[in-house]
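The primary structure of each chain is shown beneath.
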Amino acid sequence: MDNKLKVATATLAGCFGCHMSFLDIDERFFELVKHVEFDRTPLTDIKVLGECDLGLIEGGLCNSENVEVLRQFRRQCRILVSVGACAINGGLPAQRNPIPLSVILDEIYLGEAGIAHGLIPNDPELPLPLDKVHPLHEVVKIDYFLPGCPPSADAIWTFLTELLAGREPVLGTELLHYD
Amino acid sequence: MTETFRLDGTDVPFEAGETILQAALKAGRFIPHLCHHPEFRPHGSCKLCTVKVDGRQAASCTRLATSGMKVESETEELNAERLALTQMLFVEGNHFCPSCEKSGDCQLQATAYHLGMTNAHYDHFFPNRPLDASHPDFLLDFNRCILCSLCVRASRDIDNKNVFGLAGRGMASHLIVNSKSGKLVDTDFSVSDKAAHVCPVGVILRKRQGFFIPIGSRTFDKKTIKEYVDTRLGEED
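Keeping their order, the protein sequence lines are chains B and E. Taken in order, the first sequence gives residues 1 to 179; the numbers are from my numbering. Taken in order, the second sequence gives residues 1 to 237; the numbers are from my numbering.
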């Protein structure tokens with residue numbers, strides 16, 4: 001089938017739970033792939049992002065690489081969706097936000113015995129951690145938000161089918177959950 | 001003769017001295033609210049119950065009903081403002097529902113569901129508000145306080161203990177514990193206090209009760225905030 005919509009997904013500062021919940025749509029995946037073609041996503045292992053119709057991002061922003069990937073998704077995806085609690089409000093990783101980053105690094109790498117020989121990792125290949133963990137909408141424009149920790153497979157399915165049908169996706173009360 | 005006012009085009013009866021919100025709830029008409037509680041004097045701080053009375057905005061929890069007034073509530077404009085206020089409450093504190101014991105029983109969350117909130121829109125403040133775990137039976141997580149003052153009112157007006165207070169002004173407003181140390185353990189706060197059971201969010205939490213009721217089986221997993229308000233009013237009789 002021609003004119004399949006191109007879909008890319010990514011996990012930033014998240015736990016992959018939203019992707020697992022996406023996989024929980026189970027056999028509905030067969031229906032989905034009649035209408036969409038996957039671009040960059042952990043599901044295909046394609047590493048390079050092409051021009052896409054839809055980008056689904058799980059996880060918030062905890063380091064410089066997250067920001068780079070998010071900005072690239074924004075540039076190349078027509079519609080960009082924050083999927084799950086971490087993408088929407090920082091979620092679990094953002095619970096470090098009240099503690100200064102230097103205190104956290106000292107505690108983990110200098111205070112605790114046995115890890116990294118008492119050095120804070122400083123390899124140029126490592127992305128720098130951000131001062132605070134941020135939700136996606138604080139950095140780029142987000143078109144839709146799909147809350148939940150994770151959003152249920154039914155919520156993801158409803159969202160995608162509504163969007164594919166060309167309608168504004170609205171989650172009913174039974175599908176709208178933050179936990 | 002019963003007097004009435006018009007709420008979104010239909011008549012609502014009221015008795016002298018009743019507020020718009022009291023009369024509306026009694027008539028089974030829901031107006032979103034957080035700091036209002038049927039058992040306490042109104043506080044008028046959350047502004048979620050804002051309606052238009054004869055074209056001008058007013059908090060329906062503090063405004064007395066008068067005969068023939070025209071009240072608008074379920075309009076796109078007012079619900080958009082309620083959503084914005086709710087989003088501001090979410091970014092002002094640290095509201096991480098998945099790790100909150102009150103998730104599913106939280107009126108802020110249920111109100112956000114009611115208003116169709118999918119995100120907090122504004123930039124998060126991520127404030128630093130340390131917990132008070134000093135009390136043997138209760139934990140205070142100030143991160144989730146929305147300054148509704150229900151615990152303040154309950155402790156002062158019903159328990160006659162005055163355990164809680166709101167201190168500071170404007171952006172610096174915050175909930176405090178009225179003891180010399182500022183710790184809950186140094187008050188006579190106890191499980192039988194009304195104040196121990198009125199927090200609409202996850203600030204005042206009973207210790208050793210975590211996840212007795214699993215997420216998915218809690219109050220607002222089964223009913224909406226509108227239905228909850230109806231039940232609560234019914235239980236009073």
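Please keep in mind that the hints were generated in silico from the structure rather than gathered at the bench. Any given hint might turn out to be false.
A few chain B residues facing chain E, derived, Cβ under 7 angstroms [unchecked claim]:
hint: 1; residue: 138
hint: 2; residue: 157
hint: 3; residue: 173
hint: 4; residue: 176
hint: 5; residue: 178
When the alpha-carbon atoms are kept at most 30 angstroms apart in a straight line, the in silico DSS-like pairs for lysine-lysine are as follows [claimed, not checked]:
hint: 6; chain 1: B; residue 1: 132; chain 2: B; residue 2: 4
hint: 7; chain 1: B; residue 1: 132; chain 2: E; residue 2: 183
hint: 8; chain 1: B; residue 1: 141; chain 2: E; residue 2: 70
We put the CB at the ideal spot given by N, CA and C, even for glycine.
Status of each hint after checking the structure:
1. 138: 5 angstroms, holds
2. 157: 16 angstroms, violated
3. 173: 6 angstroms, holds
4. 176: 5 angstroms, holds
5. 178: 4 angstroms, holds
6. B:132 with B:4: 38 angstroms, violated
7. B:132 with E:183: 29 angstroms, holds
8. B:141 with E:70: 40 angstroms, violated
Comparing the model with each earlier hint shows violations of hints 2, 6 and 8; every other hint is respected.
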